[in-house]
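Residue numbers (the working numbering), protein chains in the order written: chain A, 1 to 358; chain B, 1 to 358; chain C, 1 to 404; chain D, 1 to 404.
Hints in this document: simulated from the structure, not taken from any laboratory. Be aware that one or more of the hints could be misleading.
If you only want the chain A side, here are some residues facing chain B, beta carbon under 7 Å, derived [claimed, not checked]:
#1 PHE256
#2 GLN257
#3 GLY258
#4 HIS261
Computed Cβ-Cβ distance ranges for the label pairs, DEER-style [as the list claims (entries may be wrong)]:
#5 GLU21/A with GLU10/D: 37 to 45 Å
#6 VAL354/B with ASN244/A: 48 to 56 Å
#7 GLU31/B with HIS192/D: 31 to 39 Å
#8 SER208/D with GLU182/B: 21 to 29 Å
#9 GLY357/B with PRO130/D: 53 to 61 Å
All residues carry an ideal CB built from backbone N, CA and C; glycine is no exception.
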Amino acid sequence: MEFDISEEQELLQGMVRQLVENECPLARVREIFEGDSGHDPELWKSLIEVGLAGTAIPEEFGGAGLELLDLALVSETLGNGALPGPFFGHSLAGLAVLLGGSDEQKKTWLPRLAMGDAIGSVAFAEEGSSWQPEEWTLQANGTLSGAKKHVPYGSIADLIVVGTADGGLALVERSGGGVETEPVDGADRTRRLDDLIFDGAHCEILPDGQRASGRVRDAGLILLAADAYGGAARCLEMAVDYANTRQQFGVTIGHFQGIKHQLANMAIRVDPVRFLCWYAAHAFDKIPDESERTAALTKAHATSVFMQTARDTVEAHGGIGFTWECDVQILFKRAMFDRAFLGAPAVHRERAAVLAGW
Amino acid sequence: MEFDISEEQELLQGMVRQLVENECPLARVREIFEGDSGHDPELWKSLIEVGLAGTAIPEEFGGAGLELLDLALVSETLGNGALPGPFFGHSLAGLAVLLGGSDEQKKTWLPRLAMGDAIGSVAFAEEGSSWQPEEWTLQANGTLSGAKKHVPYGSIADLIVVGTADGGLALVERSGGGVETEPVDGADRTRRLDDLIFDGAHCEILPDGQRASGRVRDAGLILLAADAYGGAARCLEMAVDYANTRQQFGVTIGHFQGIKHQLANMAIRVDPVRFLCWYAAHAFDKIPDESERTAALTKAHATSVFMQTARDTVEAHGGIGFTWECDVQILFKRAMFDRAFLGAPAVHRERAAVLAGW
Amino acid sequence: MDLSYGEEYEEFRREVQAFLAESWPPRGDEAQLPQNEQIDRFRERGVEAGYLSRSIPRKYGGSEQEADSSKAAVIGEEFRRAGAPMDLLGGGVSLLVPTLLERGEEWQKEKFIKPTIRGHIRWCQGYSEPGSGSDLASLQTKGELVGDEWLINGQKIWTTGAQFADYCFCLVRTEPEQPKHAGISYLLIDMHQPGVEVRPLKQMTGNSGFNEVFFTDARTPRDWIVGKRGEGWLVSRTTLKHERSGLINVGQATSQLPALVDLARRSTRNGRPAIEDPEIRQKLAEVEGFMLANEYSLRYRATKDIKGQDPGRIQLMAKLIRSDIGQEVAKLGMELIGDDGLLAGGAASEMGRPDGPQDNGAWVTTYMGSLAGAIAAGSSNIQRNIIGERGLGLPRDAAAQRGK
Amino acid sequence: MDLSYGEEYEEFRREVQAFLAESWPPRGDEAQLPQNEQIDRFRERGVEAGYLSRSIPRKYGGSEQEADSSKAAVIGEEFRRAGAPMDLLGGGVSLLVPTLLERGEEWQKEKFIKPTIRGHIRWCQGYSEPGSGSDLASLQTKGELVGDEWLINGQKIWTTGAQFADYCFCLVRTEPEQPKHAGISYLLIDMHQPGVEVRPLKQMTGNSGFNEVFFTDARTPRDWIVGKRGEGWLVSRTTLKHERSGLINVGQATSQLPALVDLARRSTRNGRPAIEDPEIRQKLAEVEGFMLANEYSLRYRATKDIKGQDPGRIQLMAKLIRSDIGQEVAKLGMELIGDDGLLAGGAASEMGRPDGPQDNGAWVTTYMGSLAGAIAAGSSNIQRNIIGERGLGLPRDAAAQRGK
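Take the sequences, apply the hints, and build the full model.
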């Protein structure tokens, strides 16, 4: 009975934390946040160099051969640093090919994704907040024609895993033509989105796509939850630091019970989320019966907590917290992404209710 | 444009407040609370003497000829004192006869109710939290047979206004036989309840009962809301007094921002309820188009606030607040009554949604 | 309890309507004038008729009317209906002018009041500093009397409208040897001078409403001080006897509800129209309960104002109640817009008051903007202290006591 | 991450099962004995087998096993499944015994530990006083050494089980000239004497769980003191090295959920089964999220205990999290029971943990009882201070500092 991450996993997280601190402290995050593309090829390269692009891709395909728990631990740490870039969509695309692809497709794409030679992304959402496989309507008949919304880094992704009617998955190479991208003016400028319009784009069906699509969605929910925990923990840390720095009435404001109790209330919501995320990822890896429902509850809970914590953190900072200059806004908008992407908390709570037979 | 109570109304409230303080301070409330009947005939007599039993009964029938706003102001003050006894049900019974009765019925009953020669009550609830006129199923065909739940002081009421199928109202004299009462082990021992079983009890239909029943219900909602405001204000006062008395760490606990901010949060919920209750009562008297919906929203809001305030007041008192000895429990249980009687907040919020055409 | 205005005020309403029918919008030649000149002339006439600047003496450009909130309310309703220019808002009119009226020198009143209420000169308020938010009395901007001029050095923040302001009414520490409150003076400073630099502060919504103002050897004449040296704190807190003409704004507290209901009508939730979802219906009705309770509290308060009576502690609560409700509205809006919650936001007011049908992006801005309500003009924690101490009679904080 | 126990512990589980199959319930003649004697004999055997009183040395009646939370968890699971008596709970076993083990005199250990862990003598805890709740160190009960005896005068409150207790472990002010903490001693007092009066405190639920205890010239021998004079505060805070055998109680944090879901299944809301109401479904799923997050926090903490590692600040949060969730559960229950919310309540546990299907009246008791969780054993405000100060590294309150 061991509910804890392993020493290797601690080392992995420590390595990623170090990378984030060295390569992309918040000052650098802000530059990318304010930049045009929201993507820093040098930063992406440094993630690739330590193998993060292929974290959950098997070793035989050039990946690190780790599990979703490891990927979630990476996400937690990247969320804590509000790291910009295509990591999230790229990771899901790799999982989609791994879980749904033919041997041929795996051999073609997994090494390229693991090595970072190709950037992957996923195109799930359709008009009307339709994120779930059973809601997809885009028909795939050798080619794709129609629209997908909110595709992470859709304009730079080389390989796009598209959700298709009847909950299937199809691969589209953006370079193959027939794909137009229109940037979304998203709040979270650390993870850019594009709407995609397919016009006769060549696509390849993933043969096990229908079986894989729910799993890929569940993985996405868990990675967003882990990101949300990391972000919420960072918010809490910022709020505590501010309370220990800011002086009013001759003392730091952390002396005031009003602030202190607000921070304590934030902490008791934030800290336990970490362990829920671990469990959800572990269930994905090892307890298939519980995986889908736990992923839904975990995404709903973790991202709600992050969002409220981000709000509380703005408030704890007073006026400065409401400014563009203050880094809290970057986390706040990341919380908006984690909350809404793949469906808002209410969607997944209702799914969890259905899955429990309520 | 005057949104305020009149000087006469202030005098009325002041008079009632004085009566409560003199005749039934909390120590006396507790005796009645802990007693068998929950009714103090002497106290009731002193209410009758100043005319409260007929507050909203026209002068021609021996009442004070006031409006629902006045009755609500009385209820607010009685709620503030957690006054035990049949006032609430009695007042509703009078309104029912007034609004639904024939001239004959009014002449027979209103003077007796106004003078306190008869105690009135209302029997609305049926099994399954069915309080609303359109939910009533009891058939009245000259006699009544069947059950009603949660009748205030059903065992001592002389006249019971019974809600009947199709939203009608019927009068039953308890002395006429065919009425069995079974005491309910209710939380609020300041307003006792009995379940009633009618077995061929003689009844008289109120000819305008179907038109009146909704109005009587609305009046009941407003009186409960006013009682709730009064009770919530008393809770707040108790919590503030305790914070100004109780010492910890060498100072009164009101010095601690933790407590102070909790009390401020209570106050901003409680204080505005007073004016909402006034408006709801005024709308009942003067703005028929808004009356039903405002009554529903006001009951839901005021009683929710009272309940949460009572909880907060227990917590603000620490251990002592959780004891039987501490008077907070009396208010707490009064909040439970106000909240659930005539239907819980969710019922009336849903009704308000329907009435708004949502 | 009488929610009508009564015949006296309905008669007055007809007068106002007649005036407006004649005066706004301008006709004939006047309609050809530039807009600001149209407004200027209209205001002049409104003052003459006794409808504008009612609390300001005639000699300073006002119409010097007896305080009457009902009349003020009628004027407000009719002017709004006609789309006519009203009394200006903002710190110059609502804070500086009453302060000058009560504490200013005669020459100051003559020089500043009329152009301020006519909108010919604009003011910004120089109170907050980076290190002095809740603890305003700890402000550090220095004023030194050098010859016949004050030399001002320091930084102000959260200065609304500083980029457009002609002058600043400013709290400045002029008596460094005095304890906190006692060392502050209330100075008037010309913003058009080399020693004043205004930098806009971009907000998280992407908009800029506030500024930082840097004073570097900025100058102002010796007698541009209101009250005596070291009395600035008291001067800035001068009880405002100014008529609260905007107060009875019937329906103000519930103004966000229609947009929220409209949003629920056009949104989908778990496959059904959101307006049919029991959770949404409950939340709408719950928030409406809070709004209505606030609405009638404000009407009570307005009535007490009319009567010249003290409304009691309810008047301390308005800001906290409004910002709490605003946050609930904003969260419910976010709940309803689905994946438009990913968007950067649109053109809603930042104080979180979308009063009409809007696109979903505006709800994102409202979602962020609703936080400003809990921060600006006295944080919610400071409000709670005020309510606890002045409203409920609790003792002052141990820590805050030490600061004084 | 490995949520199985592993083969080693499954082997151990089979041993425990074999032991239980033989020993509980008692058979033959033993089955005829009075129940307390059956339990007594079973405990004796459980200690011999190394399953009970694992952290207590053999010479004091324990089985002196190496700390192993996994074994403890397996024992707990199997004993519960068999309905067999476990280690006793309560202050005597969980607080006094570890304190004696660490700080007691040899004769104290010999005299008190074994009968305590066997349940032959019962203890109550005499810490809280009417004037000393959160500020425990301000306690006033006096102990004066007169000859060879302590003479004790004062009042304790919230004393659970005082009416059944044989002895009280008690904080008493023996050095009145010393400042707050330094003047307190830790005394053991016989409850069966004329100077001790126990009065039950009736709770708002109508039940009585707590007592007041009045000491009027109560006596205890000079050497019935643990630690030195004036060291009582430290003694009472002795780090508990006691094995936390109850800690890995898998599913503990979610134990209220099934009853709540069951209640929603059999309740009606606005004319439909409550379980089909989207608001109820959302609330159930939301509260389940909080419960699951807590559940896995507790498992993490248990794992860290096994490894002898510090779980960090999460361990400070358990009580506040539990009482917050308990209040949400209780409110949701109240929301579901309709007009049974008028009732006086039924026989639920007062700490708000209805673990199985219950009647609606029990939910009323839960509704009140859930408040006790926010009050008893350190109020929620004190918990927030602890989390803020020890968990987040915020400074101590100005006011609290003054009190020390």
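Status of the hints after comparison with the structure:
1. PHE256: With Cβ-Cβ at 5 Å, under 7 Å, it holds.
2. GLN257: With a closest approach of 4 Å, the GLN257/A hint holds.
3. GLY258: 4 Å, holds
4. HIS261: HIS261/A check passes; min Cβ-Cβ to chain B is 5 Å, inside 7 Å.
5. GLU21/A with GLU10/D: 37 to 45 Å: Holds, since GLU21/A and GLU10/D (Cβ atoms, about 43 Å apart) stay within the stated range.
6. VAL354/B with ASN244/A: 48 to 56 Å: Cβ of VAL354/B to Cβ of ASN244/A: about 52 Å, so the range 48 to 56 Å holds.
7. GLU31/B with HIS192/D: 31 to 39 Å: At 35 Å between Cβs, range holds.
8. SER208/D with GLU182/B: 21 to 29 Å: 27 Å, holds
9. GLY357/B with PRO130/D: 53 to 61 Å: Holds, since GLY357/B and PRO130/D (Cβ atoms, about 56 Å apart) stay within the stated range.
Hint compliance for this structure: no hint is broken.
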